[in-house]
Amino acid sequence: MNALISVVVTTYNWPLALTACLNSLLAQKDQQFEIIIADDGSNTSTQHLIADFIKTSPIPILHAFHADIGFRAGTIRNKAVAMSNGSYIVFLDGDCVVFPHFISRHRRISEQGHFVPGNRILLSESYTSLALKHQIPLYQKSISFFIQQRLKGHLNRILPLVYLPFNNLRYQRPQNWQKAMTCNLGIWKQDFLSINGFDELFQGWGYEDSDLVIRLIHLGIKRKDGRFALPVLHLWHTQNDRSQHDANYNRLMERLADATVIYAQLGVEQYL
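Per numbering that gives the first Met the number 0, numbering through the sequence shown is continuous, rising by one, with the last residue being 271.
By construction, these hints were calculated from the structure, which means they are not laboratory data.
Heads up, a few of these hints could be off.
[Said to hold, decoys possible] Derived CB-CB ranges, DEER-like:
| hint | residue 1 | residue 2 | range |
| --- | --- | --- | --- |
| 1 | Leu255 | Leu121 | 25 to 31 angstroms |
| 2 | Tyr248 | Ser193 | 24 to 30 angstroms |
| 3 | Ser141 | Gln30 | 20 to 26 angstroms |
| 4 | Asp67 | Tyr248 | 46 to 52 angstroms |
| 5 | Leu3 | Ala50 | 20 to 26 angstroms |
| 6 | Ala66 | Leu163 | 41 to 47 angstroms |
| 7 | Arg156 | Asp245 | 25 to 31 angstroms |
| 8 | Phe144 | Asn175 | 19 to 25 angstroms |
| 9 | Ser193 | Ile146 | 41 to 47 angstroms |
| 10 | Asn175 | Asn155 | 43 to 49 angstroms |
| 11 | Asn249 | Arg149 | 22 to 28 angstroms |
| 12 | Phe165 | His244 | 33 to 39 angstroms |
[What the hints assert, rightly or not] Derived pair list, reagent style DSS-like, types lysine-lysine, alpha-carbon separation capped at 25 angstroms:
| hint | residue 1 | residue 2 |
| --- | --- | --- |
| 13 | Lys188 | Lys151 |
| 14 | Lys188 | Lys178 |
| 15 | Lys223 | Lys28 |
| 16 | Lys28 | Lys188 |
| 17 | Lys223 | Lys188 |
| 18 | Lys188 | Lys140 |
| 19 | Lys28 | Lys140 |
| 20 | Lys140 | Lys151 |
| 21 | Lys221 | Lys188 |
| 22 | Lys151 | Lys132 |
| 23 | Lys132 | Lys178 |
Just so it is clear, CB atoms sit at the ideal spot from N, CA and C, and this is done for glycine as well.
Start from the sequences, fold in the hints, and give me the full structure.
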């Protein structure tokens with residue numbers, strides 16, 4: 000796949016983390032991609048940071064923004080995809096740091112008729128603070144460095160850093176939706192549009208990404224696993240407000256039980 004990739008980076012009021020994320024994207028070996036920052040209503044500090052990156056970045060950066068009226072990650076991601084120019088979308092959270100092979104491996108593993116979830120390594124609260132304070136370029140560090148950090152308790156695991164070029168094992172769970180999260184997820188844009196993107200009925204934190212994946216599976220799109228190829232480093236942060244958890248979870252279970260539900264009731268089509 001040689002087409003343009005659009006990386007949708009979701010952010011909200013954390014410019015230090017967004018800086019780390021964008022710097023890691025600008026260090027990619029494969030530079031045939033664009034960045035669309037899906038800004039869920041950040042304040043002027045983040046907006047000024049984004050404007051500075053847009054001016055200086057060798058990679059095209061677009062900025063999707065809406066007002067802050069609560070957690071609306073699905074909505075702003077829909078708006079970002081509507082702005083995108085690529086045929087393949089990689090969703091990434093703005094508190095994640097990627098390695099220089101991130102784009103090239105997403106490109107290599109992408110396949111028509113499949114979505115590709117990667118996985119993540121969680122950093123501790125103390126090490127996240129240290130890495131951001133000193134602007135440590137984690138994306139440049141070696142496996143031995145991360146082994147040391149794991150031994151110090153700064154990471155929850157290091158196994159995802161191991162690259163295994165197996166192919167057949169990536170197809171073993173074609174209808175598994177669990178742990179396919181939009182902090183690291185590749186989807187063909189046409190498949191995204193075919194299910195009308197994220198359903199904005201999912202308001203507040205929780206399960207809008209699981210709903211997206213379940214509807215992809217209902218459409219006939221299969222999972223191709225990106226484990227042991229597509230790790231990201233996920234910076235520690237406090238939990239989002241989870242007051243809408245139960246309502247979103249109940250809606251998700253209804254979607255899971257009804258294979259006829261494919262098209263989002265309130266989705267990306269309104270922005271196209």
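A quick look at each hint next to the structure:
no., hint, result
1, Leu255 x Leu121: 25 to 31 angstroms, "holds, 26 angstroms"
2, Tyr248 x Ser193: 24 to 30 angstroms, "holds, 25 angstroms"
3, Ser141 x Gln30: 20 to 26 angstroms, "holds, 22 angstroms"
4, Asp67 x Tyr248: 46 to 52 angstroms, "violated, 24 angstroms"
5, Leu3 x Ala50: 20 to 26 angstroms, "holds, 23 angstroms"
6, Ala66 x Leu163: 41 to 47 angstroms, "holds, 44 angstroms"
7, Arg156 x Asp245: 25 to 31 angstroms, "holds, 30 angstroms"
8, Phe144 x Asn175: 19 to 25 angstroms, "violated, 32 angstroms"
9, Ser193 x Ile146: 41 to 47 angstroms, "holds, 43 angstroms"
10, Asn175 x Asn155: 43 to 49 angstroms, "violated, 21 angstroms"
11, Asn249 x Arg149: 22 to 28 angstroms, "violated, 38 angstroms"
12, Phe165 x His244: 33 to 39 angstroms, "holds, 36 angstroms"
13, Lys188 x Lys151, "violated, 41 angstroms"
14, Lys188 x Lys178, "holds, 21 angstroms"
15, Lys223 x Lys28, "holds, 23 angstroms"
16, Lys28 x Lys188, "holds, 23 angstroms"
17, Lys223 x Lys188, "holds, 16 angstroms"
18, Lys188 x Lys140, "violated, 32 angstroms"
19, Lys28 x Lys140, "holds, 15 angstroms"
20, Lys140 x Lys151, "holds, 16 angstroms"
21, Lys221 x Lys188, "holds, 15 angstroms"
22, Lys151 x Lys132, "holds, 19 angstroms"
23, Lys132 x Lys178, "violated, 30 angstroms"
Violation of the numbered hints given earlier is confined to hints 4, 8, 10, 11, 13, 18 and 23; the remaining hints are satisfied by the structure.
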